[in-house]
Amino acid sequence: MRILIVEDDVVLADGIARALRAENFAVDVAANGEDGGHLGATERYDAAVLDLGLPKKDGVTVIREWRAAGQDLPVLVLTAREAWSDKVAGFKAGADDYLTKPFRIEEVVMRLRALVRRAAGHAGAIVTCGRLAYDAQLGTFELDGLPLKLTALEWRVLSVLMLRREIVVDRADLIERVYEGDAEVDSNSVEVIIGRLRKKIGAAMIETVRGRGYRVTAGAA
Amino acid sequence: MTLLPRSLSGRLLALSALTTAAALAFAAFGIGHVLERFVIRGLDQQLDAEVAMLAQAVRGDGLLDRARVVDLPVFARAGQGWGWRVEGPHGRWTGGDAMAIARDGPGPGPRGCPAPDDRCPTPGEGRTVTGERVHTRMLLVPTAAGATMVIAGGPRRLAVAPLREAMVPLLGSLAVLGVGLALATMVQLRYGLRPLRALQASLAEVRGGRARHVPVDQPRELAPLAAELNALVDRNEAQLAQARRHVANLAHGLKTPLAALGLKLAESGGDPALLAMVTDIDGRIRHHLGRARAAAPGGGARMRTMLAPAVDALLAVMRGIHADRAILSISRIAPDLAVAADPQDLDEMLGNLLDNAWRHARTSVRIEATAVGQDIRLAIEDDGPGLSAQARGEALVPGRRLDERGDGHGFGLPIAQELAELNGGGLALGEAGGGGLCVTLTLPAASS
Numbered sequence: 001m002r003i004l005i006v007e008d009d010v011v012l013a014d015g016i017a018r019a020l021r022a023e024n025f026a027v028d029v030a031a032n033g034e035d036g037g038h039l040g041a042t043e044r045y046d047a048a049v050l051d052l053g054l055p056k057k058d059g060v061t062v063i064r065e066w067r068a069a070g071q072d073l074p075v076l077v078l079t080a081r082e083a084w085s086d087k088v089a090g091f092k093a094g095a096d097d098y099l100t101k102p103f104r105i106e107e108v109v110m111r112l113r114a115l116v117r118r119a120a121g122h123a124g125a126i127v128t129c130g131r132l133a134y135d136a137q138l139g140t141f142e143l144d145g146l147p148l149k150l151t152a153l154e155w156r157v158l159s160v161l162m163l164r165r166e167i168v169v170d171r172a173d174l175i176e177r178v179y180e181g182d183a184e185v186d187s188n189s190v191e192v193i194i195g196r197l198r199k200k201i202g203a204a205m206i207e208t209v210r211g212r213g214y215r216v217t218a219g220a221a
Numbered sequence: 222m223t224l225l226p227r228s229l230s231g232r233l234l235a236l237s238a239l240t241t242a243a244a245l246a247f248a249a250f251g252i253g254h255v256l257e258r259f260v261i262r263g264l265d266q267q268l269d270a271e272v273a274m275l276a277q278a279v280r281g282d283g284l285l286d287r288a289r290v291v292d293l294p295v296f297a298r299a300g301q302g303w304g305w306r307v308e309g310p311h312g313r314w315t316g317g318d319a320m321a322i323a324r325d326g327p328g329p330g331p332r333g334c335p336a337p338d339d340r341c342p343t344p345g346e347g348r349t350v351t352g353e354r355v356h357t358r359m360l361l362v363p364t365a366a367g368a369t370m371v372i373a374g375g376p377r378r379l380a381v382a383p384l385r386e387a388m389v390p391l392l393g394s395l396a397v398l399g400v401g402l403a404l405a406t407m408v409q410l411r412y413g414l415r416p417l418r419a420l421q422a423s424l425a426e427v428r429g430g431r432a433r434h435v436p437v438d439q440p441r442e443l444a445p446l447a448a449e450l451n452a453l454v455d456r457n458e459a460q461l462a463q464a465r466r467h468v469a470n471l472a473h474g475l476k477t478p479l480a481a482l483g484l485k486l487a488e489s490g491g492d493p494a495l496l497a498m499v500t501d502i503d504g505r506i507r508h509h510l511g512r513a514r515a516a517a518p519g520g521g522a523r524m525r526t527m528l529a530p531a532v533d534a535l536l537a538v539m540r541g542i543h544a545d546r547a548i549l550s551i552s553r554i555a556p557d558l559a560v561a562a563d564p565q566d567l568d569e570m571l572g573n574l575l576d577n578a579w580r581h582a583r584t585s586v587r588i589e590a591t592a593v594g595q596d597i598r599l600a601i602e603d604d605g606p607g608l609s610a611q612a613r614g615e616a617l618v619p620g621r622r623l624d625e626r627g628d629g630h631g632f633g634l635p636i637a638q639e640l641a642e643l644n645g646g647g648l649a650l651g652e653a654g655g656g657g658l659c660v661t662l663t664l665p666a667a668s669s
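Protein sequence lines correspond, in order, to chains D and S. Just so it is clear: in the first sequence, position 96 is 96 by my numbering, and no numbers are missing. Take any residue in the second sequence, note its place counting from 1, add 221, and you have its number in my numbering.
Please keep in mind that the hints were generated in silico from the structure rather than gathered at the bench. Among the hints, erroneous ones may be present.
As the list claims (entries may be wrong) - Under the rule of at most 25 Å between Cα atoms (straight-line distance), these lysine to any residue pairs were calculated in the SDA-like manner:
| # | chain 1 | residue 1 | chain 2 | residue 2 |
| --- | --- | --- | --- | --- |
| 1 | S | 485 | D | 104 |
| 2 | D | 200 | D | 185 |
| 3 | D | 200 | D | 151 |
| 4 | D | 56 | S | 464 |
| 5 | D | 57 | S | 474 |
| 6 | D | 200 | D | 187 |
| 7 | D | 92 | S | 469 |
| 8 | D | 92 | S | 463 |
| 9 | D | 57 | S | 459 |
| 10 | D | 92 | S | 459 |
| 11 | D | 56 | D | 106 |
| 12 | D | 199 | D | 213 |
| 13 | D | 57 | S | 471 |
| 14 | D | 92 | D | 72 |
| 15 | D | 56 | S | 466 |
| 16 | D | 57 | D | 22 |
What the hints assert, rightly or not - Among the chain S residues that face chain D by a calculated CB cut under 7 Å, a handful are:
| # | residue |
| --- | --- |
| 17 | 545 |
| 18 | 565 |
| 19 | 568 |
Beta carbons are placed, not taken as given, at the ideal position from N, Cα and C, and that holds for glycine.
Model the full assembly from the supplied sequences, consistent with the hints where possible.
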């Protein structure tokens with residue numbers, strides 16, 4: 001899962017990025033509204049953390065432009081503007097959630113996970129597929145009721161596939177959601193990660209759909 | 222100290238009454254004078270005829286030829302005030318009633334005399350021996366022996382009686398005219414000052430939040446005043462907006478580093494005492510910035526703010542920030558209800574109260590608004606655990622500092638209460654039907 005952070009305060013942006021990476025997310029950071037708006041409009045993210053008081057382009061404008069262009073990326077507004085009128089303006093522009101500074105980073109992580117889960121159409125916190133269960137609130141996997149240990153890259157791939165269980169995820173789409181913007185991506189690296197995951201959860205759980213991508217499935221359809 | 226009344230219409234009325242009275246007095250005096258001259262002229266003609274006859278009877282040697290004296294018939298009636306006298310160097314002759322002449326000797330030349338020579342008698346006044354006032358005419362007749370004075374007098378009452386007869390109705394009519402003019406002035410004032418009262422009403426509309434500006438379509442004298450008032454309203458609004466921008470910048474400037482500090486503390490193990498201090502600083506900033514943001518103390522114009530759209534927008538916010546809690550909201554607000562409160566203040570009050578309800582509700586929140594007299598009463602009920610009567614009493618103790626509170630209801634209730642009071646309303650806590658908390662927010666209605 002890949003998150004876009006748009007925040008002009010470098011210390012704060014780094015802190016959030018570090019905390020999110022510690023939770024396995026891939027993170028890109030933009031320091032102003034213009035860059036952030038451009039990244040959100042052109043790259044594939046699972047959610048964005050957006051400040052409102054941004055240089056070059058205000059956060060509310062950024063969301064409005066994304067929504068006008070049909071970009072339905074879930075947006076968590078993270079701002080010092082705590083007036084309810086500002087919250088109303090944020091939601092009217094198309095924000096999905098709103099958190100004011102200062103915040104507990106655990107809350108940011110929880111709200112981001114919830115946004116991504118709801119955007120994928122899951123009302124409940126636990127997403128199951130056969131023997132595999134993903135707690136979309138805590139970000140943990142269980143196989144046959146036992147905790148599953150995953151590397152950050154494996155977690156990103158499997159969480160993306162689990163949230164779209166039984167649906168084929170396009171290979172290019174998957175690569176975009178797994179690697180950070182400035183990462184060097186080897187064309188075979190996703191296959192390598194899929195291979196490692198199949199060893200951990202069973203080969204039948206991840207189906208390769210030739211020429212398109214991958215699908216997590218409960219069993220042979 | 223001024224004698225002029227403080228009221229504008231009082232001043233205008235007083236001035237108009239004064240000028241009307243002066244004009245009427247002048248008219249009465251002028252007309253009276255003309256009338257007097259008119260009635261006196263009749264008397265003069267009789268007296269002048271007598272004087273002319275007597276002057277003819279004065280001989281060249283200064284003696285009066287009695288045989289040539291032929292009195293007018295009125296001079297024959299004794300005791301009526303008619304009489305004459307001829308005085309010359311050689312004697313003095315009288316006829317009719319005896320009279321004392323107050324002014325004798327030739328005047329400076331009579332007015333209205335056809336020929337400015339000494340053949341024209343001059344007027345004078347006197348009294349008969351019985352005390353009756355008489356009007357006289359006098360002529361000096363030159364003779365060989367010297368000037369002989371010829372005077373004839375007639376009763377003044379003959380002239381005064383018709384004058385009085387004419388003056389009584391005249392003065393009456395003038396008085397009626399004066400009263401009529403005064404009434405007309407009052408009507409004019411009522412009509413003329415109506416735009417002023419309309420402007421006052423428009424200003425009250427602005428203050429009551431039912432209008433943004435006073436209408437500029439005013440009479441020419443009031444248009445600059447209306448423009449100035451509107452400029453003042455605009456400046457107030459701009460100052461409020463600027464103050465709010467300043468507060469927003471301040472919030473951003475303080476809270477972003479505070480957030481970074483909190484994050485650093487959490488990364489370095491997260492000493493709970495230090496994190497609590499961050500929370501405390503945040504609470505203080507929120508409290509003071511919240512107060513600074515409020516419109517009412519800045520004197521900004523109260524706006525007419527529609528209630529239903531404000532509540533709907535905030536319900537969308539609640540569904541967003543409390544998306545993990547499946548709370549059902551039931552909102553019953555008539556679409557035409559509007560409150561006289563600043564829209565941002567209203568958002569702040571409603572936001573805090575709804576947020577509070579959402580946090581404590583089990584399954585649902587009910588919002589209902591009703592118009593009660595001049596107020597709008599908005600009740601927000603949750604089906605949560607509620608507050609005990611004692612806790613409810615303590616929750617809204619006036620002047621109680623927010624940071625002393627620890628009842629789990631956070632900052633929301635006191636902020637909402639403070640804003641409600643600043644906007645001329647109030648906040649009351651009660652028990653909802655199902656045992657939850659029922660918060661009633663009362664705000665002045667902005668009637669259409």
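- Structure versus earlier hints - violations, ascending order: 11, 16
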